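K.L.:
Generate the whole structure from the sequences, applying the supplied hints.
Residues per chain are reported as follows:
Number of protein chains: 2
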Amino acid sequence: MSAEPTPFLEALSLSGARIEATLDRLLGEAALVGEAVRPARLLSAMRHATLGGGKRIRPFLLIEAAKLFGAEGEGVARAAAAVEMLHCYSLVHDDLPQMDDDDLRRGRPTAHRAFDEATAILAGDALLTLAFDTLADPATHADGAIRAELVLRLARASGLGGMVGGQMLDLTAEGRWSADGRPLALPDAEIRRLQAMKTGALLRFPLEAGAILAGADGDAVARLGRFGAIVGLAFQIADDLLDVEASAEALGKATGKDAARGKGTLVSLHGVAAMKAELDRLVVAAQSELAPYGAAAETLLEAARFIADRRS
Amino acid sequence: MSAEPTPFLEALSLSGARIEATLDRLLGEAALVGEAVRPARLLSAMRHATLGGGKRIRPFLLIEAAKLFGAEGEGVARAAAAVEMLHCYSLVHDDLPQMDDDDLRRGRPTAHRAFDEATAILAGDALLTLAFDTLADPATHADGAIRAELVLRLARASGLGGMVGGQMLDLTAEGRWSADGRPLALPDAEIRRLQAMKTGALLRFPLEAGAILAGADGDAVARLGRFGAIVGLAFQIADDLLDVEASAEALGKATGKDAARGKGTLVSLHGVAAMKAELDRLVVAAQSELAPYGAAAETLLEAARFIADRRS
Chain R
93 MSAEPTPFLE ALSLSGARIE ATLDRLLGEA ALVGEAVRPA RLLSAMRHAT
143 LGGGKRIRPF LLIEAAKLFG AEGEGVARAA AAVEMLHCYS LVHDDLPQMD
193 DDDLRRGRPT AHRAFDEATA ILAGDALLTL AFDTLADPAT HADGAIRAEL
243 VLRLARASGL GGMVGGQMLD LTAEGRWSAD GRPLALPDAE IRRLQAMKTG
293 ALLRFPLEAG AILAGADGDA VARLGRFGAI VGLAFQIADD LLDVEASAEA
343 LGKATGKDAA RGKGTLVSLH GVAAMKAELD RLVVAAQSEL APYGAAAETL
393 LEAARFIADR RS
Chain L
93 MSAEPTPFLE ALSLSGARIE ATLDRLLGEA ALVGEAVRPA RLLSAMRHAT
143 LGGGKRIRPF LLIEAAKLFG AEGEGVARAA AAVEMLHCYS LVHDDLPQMD
193 DDDLRRGRPT AHRAFDEATA ILAGDALLTL AFDTLADPAT HADGAIRAEL
243 VLRLARASGL GGMVGGQMLD LTAEGRWSAD GRPLALPDAE IRRLQAMKTG
293 ALLRFPLEAG AILAGADGDA VARLGRFGAI VGLAFQIADD LLDVEASAEA
343 LGKATGKDAA RGKGTLVSLH GVAAMKAELD RLVVAAQSEL APYGAAAETL
393 LEAARFIADR RS
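Order-wise, the sequence lines are chains R and L. Oh and the first sequence: position 205 is 297 in the numbering used here, straight run, nothing missing. Oh and the second sequence: position 225 is 317 in the numbering used here, straight run, nothing missing.
Selected chain L positions facing chain R (in silico; Cβ < 10 angstroms):
(1) ALA123
(2) ARG130
(3) ALA132
(4) LEU214
(5) ASP217
(6) HIS233
(7) ALA237
(8) ARG239
(9) LEU242
(10) GLY251
(11) GLY254
(12) GLY258
(13) THR264
No lab work stands behind these hints: they were computed from the structure. The structure displayed is predicted, hence computed values, not measured ones. Glycine is no exception: its CB is placed at the ideal position from the N, C-alpha and C atoms.
P.N.:
As structure tokens, this is what we get:
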């Protein structure tokens with residue numbers, strides 16, 4: 093992989109800066125609604141958790157999926173910011189000592205280290221709530237049925253049957269050790285289902301959401317959803333490879349934690365070479381899913397390749 | 093106060109049993125959506141936090157507000173369950189050791205005591221998410237704009253500018269002590285604003301939501317909202333009186349904690365007698381707000397009196 097900026101990396105970086113600006117603006121507006129007092133410390137923690145870094149992959153996917161069907165502008169930017177708020181809340185709660193116990197995130201102290209645990213829990217709660225607030229607001233789309241559908245799909249992607257459920261399965265799957273001290277790995281199918289819930293659902297959502305916002309038909313939404321599921325799996329495999337191969341410095345967070353916890357991943361189950369081969373197959377599958385859109389889907393395909401190949 | 097069941101108490105109890113059944117059903121349905129694995133421990137914690145007790149005041153208010161404007165049935169029951177899910181999530185997170193550190197709730201161990209802290213945090217997150225899922229689902233109302241409006245109002249009532257913001261203000265207001273060891277009380281206006289956010293907003297929401305579900309006009313929604321704000325204030329004053337006067341046994345949770353924490357309440361600021369007099373004035377104000385509806389609003393007024401007079 094070359095470190096030189098490609099047109100894709102430049103587009104991702106430019107998009108990230110715009111998303112940052114939208115998040116900044118929406119957090120500011122949320123602090124001004126109604127006559128409520130501003131809990132300054134809570135707002136600071138929400139800003140700490142949301143602003144200042146991250147590749148903004150999920151909002152990028154939403155914006156590009158909407159663009160594929162001809163939609164752009166304020167509503168798309170708001171929905172993109174909403175999915176990033178939801179992602180950031182999940183990082184804040186997952187980083188807590190009671191869960192993954194991480195001190196470092198994007199090269200900075202995690203929210204509970206920069207503030208305190210109570211503030212981090214509440215900042216996560218408020219970000220989760222603000223994500224739904226943002227989607228349900230008429231400024232996101234003129235059609236209430238579309239706003240409600242986005243809320244429903246985000247809730248399904250992120251709740252009991254999605255991200256939160258996957259995190260719970262992950263916590264209960266960790267640290268199962270055999271009598272002679274080897275980690276007891278989950279079988280392949282269980283790892284895949286767990287990961288589809290924990291990280292896959294929230295990578296699939298923005299692709300469906302972008303299509304829905306643009307008024308695409310049901311077949312197109314389903315196709316983007318299948319593409320999203322492939323991207324989600326590739327993302328997780330690349331993440332697990334990074335945990336084995338990358339340095340903490342490059343990643344901005346601790347590495348090698350999966351093995352230390354006896355946490356089964358597809359990489360620990362099948363080995364690095366096998367999973368790199370699967371990544372290549374996933375990129376091909378992603379291409380074939382978007383083939384009907386021809387060159388118009390090129391940015392989404394580059395995003396899929398970027399996600400599969402990323403080194404940080 | 094007589095302990096004999098009045099027709100109102102019987103109606104509240106019957107309604108509570110129905111809400112319990114709806115919550116039970118919705119939690120069961122949520123566990124079956126899609127192909128996701130069931131995280132059994134998470135679902136158990138969600139059920140522990142949601143089922144088995146509580147007066148179900150918020151859903152009762154929603155159902156009665158909807159009835160006042162002629163709506164009842166499945167959609168109303170779902171929205172009522174959603175506001176209770178949101179309330180229950182807030183109890184789970186507020187009870188955590190990092191926040192109010194309570195071991196007992198409704199006479200049973202709190203979620204983090206019955207399970208563990210990680211599970212309690214995730215169960216709260218999943219309940220919050222399921223509340224929005226439930227409101228956004230077409231089964232709640234045929235009109236998407238109404239579903240989106242309910243989501244938006246619940247998010248505003250419960251997020252940064254509402255309940256979560258109020259909890260944050262409450263945490264930062266606790267334990268301010270003067271140099272000679274006396275608690276430094278917040279001024280009257282600050283306590284009222286904090287409480288309007290922390291508990292008032294989620295008592296006001298169901299009254300507005302019931303009217304909106306029933307298709308009431310904007311003036312009626314605003315009137316029910318004003319009634320809800322009065323009820324919210326009365327609820328909090330009654331709660332603070334209970335913390336001073338009731339036994340832990342009657343309440344099913346620890347009492348006398350406000351004073352021990354140096355937490356300012358209107359009761360600690362103005363005294364028991366003054367706040368009992370204010371409760372009486374609030375009941376009169378509530379009556380005058382609903383006067384246009386005559387006898388049809390009698391159950392809502394009884395609810396307001398019950399909230400002001402409750403002894404547990």
